[in-house]
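The sequence shown begins at 501 in the working numbering and counts up one residue at a time.
The reader is advised that the hints may include incorrect statements.
Unchecked claim - As a list, the in silico BS3-like pairs of lysine-lysine whose alpha-carbon atoms are at most 30 angstroms apart: (1) 691 - 719; (2) 776 - 697; (3) 719 - 697; (4) 586 - 550; (5) 654 - 564; (6) 586 - 697; (7) 550 - 564; (8) 691 - 654; (9) 691 - 586; (10) 564 - 586; (11) 654 - 697.
Stated by the list, open to error - Derived DEER-like restraints, expressed as beta-carbon distance ranges: (12) 796 - 624: 34 to 42 angstroms; (13) 586 - 667: 54 to 62 angstroms; (14) 543 - 630: 24 to 32 angstroms; (15) 773 - 614: 20 to 28 angstroms; (16) 793 - 593: 26 to 34 angstroms; (17) 629 - 748: 46 to 54 angstroms.
None of these hints come from the bench; they were simulated from the model.
Since this is a predicted model, take the numbers as computed values, not measurements.
Where is the CB? At the ideal position from N, CA and C, for every residue including glycine.
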Amino acid sequence: MNLMLGRLRNRRAGIFIFIVCLVIVIGGVIAYLVTSRDQPGELVEREVTKLEEIVAQNPDDPDKRVELALLYSEAGSLEQAIEQLKVALEINESHQGALVALGDIYMELGRYEEAIEPYLKVVELNEDNPMRGISRQLEGVYYYLGVAYFNLGKSEEAIESLEEALAIDRTDADAWYMLGATYQHMGEMEKAIDAFKEAVRFVPNFAEAYQSLAQCYEKTGQENLARYARAMVSYSSGDISGAVRQLEEVVATAPDVAEAYLGLGLAYEKEGQVEKAISAYQQALRIDPDMWLAQAKLQALGVEKK
Numbered sequence: 501m502n503l504m505l506g507r508l509r510n511r512r513a514g515i516f517i518f519i520v521c522l523v524i525v526i527g528g529v530i531a532y533l534v535t536s537r538d539q540p541g542e543l544v545e546r547e548v549t550k551l552e553e554i555v556a557q558n559p560d561d562p563d564k565r566v567e568l569a570l571l572y573s574e575a576g577s578l579e580q581a582i583e584q585l586k587v588a589l590e591i592n593e594s595h596q597g598a599l600v601a602l603g604d605i606y607m608e609l610g611r612y613e614e615a616i617e618p619y620l621k622v623v624e625l626n627e628d629n630p631m632r633g634i635s636r637q638l639e640g641v642y643y644y645l646g647v648a649y650f651n652l653g654k655s656e657e658a659i660e661s662l663e664e665a666l667a668i669d670r671t672d673a674d675a676w677y678m679l680g681a682t683y684q685h686m687g688e689m690e691k692a693i694d695a696f697k698e699a700v701r702f703v704p705n706f707a708e709a710y711q712s713l714a715q716c717y718e719k720t721g722q723e724n725l726a727r728y729a730r731a732m733v734s735y736s737s738g739d740i741s742g743a744v745r746q747l748e749e750v751v752a753t754a755p756d757v758a759e760a761y762l763g764l765g766l767a768y769e770k771e772g773q774v775e776k777a778i779s780a781y782q783q784a785l786r787i788d789p790d791m792w793l794a795q796a797k798l799q800a801l802g803v804e805k806k
């Protein structure tokens with residue numbers, strides 16, 4: 501399985517937001533880069549050396565060890581980062597910054613079984629947190645738990661974790677995508693389709709979700725929708741003219757596919773064909789009056805829905 505797409509790895513940075521010390525470190529590095537002639541690698545090496553000296557002078561400060569671990573991670577020294585995080589957790593076993601960072605590094609290394617323990621500890625620490633329902637940190641933890649369980653073949657646990665993530669943030673397209681991938685793996689195509697549709701609802705150029713949608717539509721015999729999804733893969737990959745051609749073929753033979761008109765509107769708009777885009781959005785809404793993205797697009801173009 502090993503489903504860890506490049507776009508999903510981009511979430512790593514977001515899960516560290518709550519660690520104030522990281523913000524300070526990165527802020528200092530950026531400021532230094534603006535004024536320094538040093539190469540980025542030399543700068544990171546210098547910052548690592550400086551922080552190693554600080555940690556040596558303050559060996560019982562878990563925050564400094566987490567800072568150092570994050571710098572090691574940025575430099576690609578993941579095993580050294582793990583070592584520092586483990587020491588930080590020996591000092592303070594409830595240090596959520598260290599726990600999340602440790603889980604993330606294990607995920608990056610594909611050591612999913614090891615990632616689960618620190619993530620579950622974060623979940624446990626937040627059981628009575630009155631802000632847990634809006635915690636971006638916790639949402640990220642549940643998301644990565646879902647990814648870890650998926651890659652370990654534990655589908656039920658993956659679904660449970662991903663649903664917890666979505667309970668915190670219903671707009672998380674990556675979580676919808678992973679939920680769809682889990683249902684697809686289990687052979688529950690209709691549930692997979694529903695989840696993938698939510699993913700592209702929030703990220704209209706989500707190529708991987710469209711690819712999976714096409715596969716599910718083909719499996720369930722919905723060839724026109726499969727053609728629409730394949731066209732949207734082209735759109736998401738930057739082949740706008742190819743997407744227009746494919747989508748025009750879909751609506752010519754299947755004029756009741758609202759999604760194809762929405763895709764046409766997006767592609768036309770990308771090409772600068774505003775009048776055609778407006779017409780496509782309006783046709784999508786005639787078929788499906790609740791298609792909110794078409795409504796939003798028309799409003800952004802200053803057009804009232806008909």
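Of the numbered hints stated earlier in the document, which are not met by this structure? When the structure is compared with the hints, numbers 5, 6, 9, 13, 14, 15 and 16 turn out to be violated.
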